[in-house]
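S.K.: Residues per chain, in single letters:
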Amino acid sequence: MAIQPRTLFDKIWDAHVVETLEDGTVLLYIDRHLVHEVTSPQAFDGLRAAGRRVRSLHGTIAVVDHNIATDASRRTGIEDPESRLQVETLERNVAEFNVPYIPLLDERQGIVHVIGPELGLSLPGMTIVCGDSHTSTHGAMGALAFGIGTSEVEHVLATQTVLQKPAKNMRVTVDGVLPAGCTAKDITLAIIGKVGTAGGTGHVIEYAGEAIRALDMAGRMTLCNMAIEAGARAGMVAPDEVTIAYVDGRPHAPKGEAWERATAWWRSLPSDTGAHFDREVVLRAEDITPQVTWGTSPEDVLPITGTVPDPANATDETRRAQLTRMVEYMGLTPGQKLTDLKVDVVFIGSCTNSRIEDIRAAAAIAKGRQVAAHVRALVVPGSGLVKKQAEAEGLDRVLLDAGFEWREAGCSMCLGMNPDKLTPGQRSASTSNRNFEGRQGPGGRTHLCSPAMAAAAAITGHLTDVREFLA
Amino acid sequence: MRAFTTLTGVAAPLPMANVDTDKIIAARFLKTIARTGLGKNLFHAMRFNDDGSEKPDFVLNQEPYRQAEILIAYENFGCGSSREHAPWALLDFGIRCVIAPDFADIFHNNATKNGILPIRLPRAVCEALMEDARMGGNVRLTIDLENQVVTRPSGEKIPFEVDAFRKHCLLNGLDDIGQTMQHAPAIDDYETKRRAEAPWLFA
Chain R
19 MAIQPRTLFD KIWDAHVVET LEDGTVLLYI DRHLVHEVTS PQAFDGLRAA
69 GRRVRSLHGT IAVVDHNIAT DASRRTGIED PESRLQVETL ERNVAEFNVP
119 YIPLLDERQG IVHVIGPELG LSLPGMTIVC GDSHTSTHGA MGALAFGIGT
169 SEVEHVLATQ TVLQKPAKNM RVTVDGVLPA GCTAKDITLA IIGKVGTAGG
219 TGHVIEYAGE AIRALDMAGR MTLCNMAIEA GARAGMVAPD EVTIAYVDGR
269 PHAPKGEAWE RATAWWRSLP SDTGAHFDRE VVLRAEDITP QVTWGTSPED
319 VLPITGTVPD PANATDETRR AQLTRMVEYM GLTPGQKLTD LKVDVVFIGS
369 CTNSRIEDIR AAAAIAKGRQ VAAHVRALVV PGSGLVKKQA EAEGLDRVLL
419 DAGFEWREAG CSMCLGMNPD KLTPGQRSAS TSNRNFEGRQ GPGGRTHLCS
469 PAMAAAAAIT GHLTDVREFL A
Chain V
545 MRAFTTLTGV AAPLPMANVD TDKIIAARFL KTIARTGLGK NLFHAMRFND
595 DGSEKPDFVL NQEPYRQAEI LIAYENFGCG SSREHAPWAL LDFGIRCVIA
645 PDFADIFHNN ATKNGILPIR LPRAVCEALM EDARMGGNVR LTIDLENQVV
695 TRPSGEKIPF EVDAFRKHCL LNGLDDIGQT MQHAPAIDDY ETKRRAEAPW
745 LFA
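Protein chains in written order, with the working numbering: chain R, 19 to 489; chain V, 545 to 747.
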């Protein structure tokens, strides 16, 4: 019997099927479960109430990232009583259930989606889940990684499995060579602009093509991070030599004979020639320009050279109402040039863009320049180890000298649930992943872009085409 | 989980696409360790002014929609975060069913695990139900999960699709974990086999 060609997703899925139930729902084994303070308290409560234990301690790791302060105050205790209770609750739960935990003041602490790959906890071929939608990030390793809700967190803690129907396969191919000034962030925003925020619903996206293969691992993580913003269940990049070189030597990576066996399997994972994709999307890298969002959904994205759309040109009533609301919320005028928008705050960080490569890109723009007088600019490394590396390279000095704040690791201003927030009406250039109303704080106005674009906006004080800095 | 069998209730019209999870429940309200009590902050930015007073034009601040148990919306409902606080907030307010052309995957999952029935119906049908909902007053929709039909105020019956496993769980109020625990021997067998194939995953 001929073997049916399979996709990367199919191969990882098939290797993790414990059982297929009558209606096609699959009991899928989970290799790695990342736990954080916000989406886990109710799950541990559920275990406790039912007298259940955590099934796989070696497959589980906990860390705090979402609600913690990223300034020096973290060393003297958490001020906000609700945040403190959530962190203390996690600490009590990991102690009670013996779950491995990275404490707040440990140098390995950081954003869950940064530390997973960094510590070798997220490996090719794995199934990885976390109670956070940006778990798609780990798909950059050539893993199947997706976000789950708290009921599923409890389910994984108790059974090390999830109940799921198989996803459909979607391939997004980016051919060619990315122009100067463009990054993985511009690719991922351009893709969302093309397919929309529901373009990937029900699908797992495999990113392929020359421009994707040319990305380093940090770039692939940025790309997969925002697969959820295209509505996809997960994003993935097939493991290759770049992946294997990245994993080699990381603290939790396999060693010795296990390494040989692991890499042999990882090299067999890329999609077979002729494998079936339910949906194909193709972009040319040469057509991609530095991107920035103008509205309150990641799909409302334009080249930085663009102008604010006019709701009057919308094709249907729902869309017109939506555009009118966005223009109003964002404090914009139709036809206004995006580069004319003054920013109050610049945020460089988040699980999308807080790795050492992102900090280097920001520092390259900042070097020898000054943040505009009216701008508050924050650089928040994704982990204590990223911070340490950046400091070893002197990047903290470059950024501090230019007038940026240099912070401790955490989710920070990505989501407005810790002290780093926009105030109503403030406009930001942000390297995070969501520009929803109120996302960075009530009334805040977010423009998503790459780290280099955000750094350029900090210097000029308005949204800026980073290519002007390359000349 | 509370079982979902039939529901006759007020439907609130929310004629918006891409109702994201930050709109449903903003991040600053996630600093709770409970599942309940989130309803008061449901749709906070759309529902309340800065001083905490109600915005009278928002649907859930109007009668009879304060008692709404059904929500009608447009495409991509629940997009964004995986926060289960979104269905918890809806449930705490009293919403047991959301009807929309489509839902974000994680929200859809989370809703069913909390006894909320998400119903996918074509855009044109959602528009018709939106008109029904806008009539307000004594108008009610009826949802019958067993027979998979929505009954409009006119008496017209609209069939809908639902996953067989999810339907079974919702009708019986079953929690997934108890059911999966019945498959524990299969999980044990999988781990034994996998440990031999890929020992580095169990190190």
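These are calculated hints, taken from the structure and not from any lab test. One or more of the hints may lead you astray.
Straight-line distance between alpha carbons at most 30 Å, and here's what the computed DSS-like set of lysine-lysine pairs gives [as the list claims (entries may be wrong)]:
{"#": "1", "chain 1": "V", "residue 1": "K599", "chain 2": "R", "residue 2": "K439"}
{"#": "2", "chain 1": "V", "residue 1": "K737", "chain 2": "R", "residue 2": "K439"}
{"#": "3", "chain 1": "V", "residue 1": "K584", "chain 2": "R", "residue 2": "K183"}
{"#": "4", "chain 1": "V", "residue 1": "K584", "chain 2": "R", "residue 2": "K273"}
{"#": "5", "chain 1": "R", "residue 1": "K212", "chain 2": "R", "residue 2": "K273"}
From the structure, some residues in chain V lie toward chain R, with a derived Cβ separation under 10 Å [as the list claims (entries may be wrong)]:
{"#": "6", "residue": "E613"}
{"#": "7", "residue": "F651"}
{"#": "8", "residue": "D733"}
Glycine included, each C-beta is placed from N, C-alpha and C at the ideal position.
S.K.: Minimum Cβ distance from F651 of chain V to chain R below 10 Å?
M.R.: holds (8 Å)
S.K.: Keeping to a limit of 30 Å between CA atoms, is the pair of K584 of chain V and K273 of chain R held or broken?
M.R.: violated (52 Å)
S.K.: Between K737 of chain V and K439 of chain R, does the CA-CA distance stay at or below 30 Å?
M.R.: Between K737 of chain V and K439 of chain R the Cα gap is close to 48 Å, so the pair fails against 30 Å, i.e. violated.
S.K.: Are K599 of chain V and K439 of chain R close enough, with their CA atoms no more than 30 Å apart?
M.R.: At roughly 24 Å apart (the allowed maximum being 30 Å), K439 of chain R and K599 of chain V satisfy the hint.
S.K.: Taking 10 Å as the limit, does the beta-carbon of D733 of chain V come near enough to a beta-carbon in chain R?
M.R.: For D733 of chain V, the interface hint holds, since the closest Cβ of chain R sits about 8 Å away, which is under 10 Å.
S.K.: Are the Cα atoms of K584 of chain V and K183 of chain R separated by 30 Å or less?
M.R.: Not OK: K584 of chain V and K183 of chain R at ~34 Å, beyond 30 Å, violated.
S.K.: Sort out whether K273 of chain R lies within 30 Å of K212 of chain R, counting only the CA atoms.
M.R.: violated (42 Å)
S.K.: Let's test the interface hint: is any C-beta of chain R closer than 10 Å to that of E613 of chain V?
M.R.: violated (21 Å)
Against the hints set out earlier in the document, violations occur for numbers 2, 3, 4, 5 and 6.
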